[in-house]
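K.L.:
Build the full structure now, drawing on both the sequences and the hints.
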Amino acid sequence: MSDTQTVSFTQMKDGTKEDYELLDELEKPYIALAPDRILEELRKQDDPAHKGYKITRAQHGLQAATRAEEDGADIDWIVGALLHDVGDGLAPRNHDRFSAEVIRPYVRWEVAWTVEHHGIFQSFYYGHHYGWDRNARDRFKAHPCFQSCADFCERWDQSSFDPDYPTKPLEHFEPLVREVFARKAYDPEVIREGVVVGLP
Numbered sequence: 001m002s003d004t005q006t007v008s009f010t011q012m013k014d015g016t017k018e019d020y021e022l023l024d025e026l027e028k029p030y031i032a033l034a035p036d037r038i039l040e041e042l043r044k045q046d047d048p049a050h051k052g053y054k055i056t057r058a059q060h061g062l063q064a065a066t067r068a069e070e071d072g073a074d075i076d077w078i079v080g081a082l083l084h085d086v087g088d089g090l091a092p093r094n095h096d097r098f099s100a101e102v103i104r105p106y107v108r109w110e111v112a113w114t115v116e117h118h119g120i121f122q123s124f125y126y127g128h129h130y131g132w133d134r135n136a137r138d139r140f141k142a143h144p145c146f147q148s149c150a151d152f153c154e155r156w157d158q159s160s161f162d163p164d165y166p167t168k169p170l171e172h173f174e175p176l177v178r179e180v181f182a183r184k185a186y187d188p189e190v191i192r193e194g195v196v197v198g199l200p
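Under UniProt numbering, the residues of the sequence shown are numbered 1 to 200, in order.
Since the hints were made in silico from the structure, they are not lab data.
Heads up, some of the hints might be wrong.
[As the list claims (entries may be wrong)] In silico BS3-like pairs for lysine-lysine, Cα to Cα no more than 27 Å straight-line: (1) Lys28 to Lys17; (2) Lys28 to Lys51; (3) Lys51 to Lys168; (4) Lys44 to Lys54; (5) Lys141 to Lys44; (6) Lys28 to Lys184; (7) Lys54 to Lys184; (8) Lys13 to Lys28; (9) Lys17 to Lys184.
P.N.:
Below is the structure:
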């Protein structure tokens, strides 16, 4: 490995094995801090700048996660519920896909798929008020995760805008976030592609 703390190249195609070994080593502490950045993004969502709702976006995620936990959901579903809207700040028009990419390397395939598609499934509850097809989710009817996503939206997402619901604080869920993001990325034993557990 190189003795310097920077690579030798200015174009990636010119990099050496030593350059890429250096980058791999230097990236590890940055990757390890991902949970801190994710938790900070959730804290930013406590800003009431997202007007109109009775609660903040952070409170919505916390309430969805609380509902999931109280229903006896496993850690993947709880963290998925907590982070399902984490992309709202940077990608408000495709936050569902953005949020799914944040969790995809570390959670079950079914959970990532649900988070990725929850936007179109949620429109079932309000799309007709905008002149949209509220049944647009039906294009996924044959997908094995269809029912999981429909249940996620019904039980934990669309119902989690209640300021009087006894919602657990972020500190309660922080250890779960850290546990999930400490997993080996894309571990087949975690991802379990094609396996549908469903909601409890």
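K.L.:
Work down the list of hints and note, for each, if the structure agrees.
P.N.:
Comparing the hints with the structure gives:
1. Lys28 to Lys17: 17 Å, holds
2. Lys28 to Lys51: 38 Å, violated
3. Lys51 to Lys168: 22 Å, holds
4. Lys44 to Lys54: 17 Å, holds
5. Lys141 to Lys44: 35 Å, violated
6. Lys28 to Lys184: It holds: about 12 Å lies between the C-alpha atoms, which stays within 27 Å.
7. Lys54 to Lys184: 38 Å, violated
8. Lys13 to Lys28: Answer holds: lysine 13 to lysine 28 is near 22 Å, not above 27 Å.
9. Lys17 to Lys184: Holds, because 23 Å separates the two Cα atoms, which is no more than 27 Å.
The structure fails to meet hints 2, 5, 7 from the earlier list, while all remaining hints are met.
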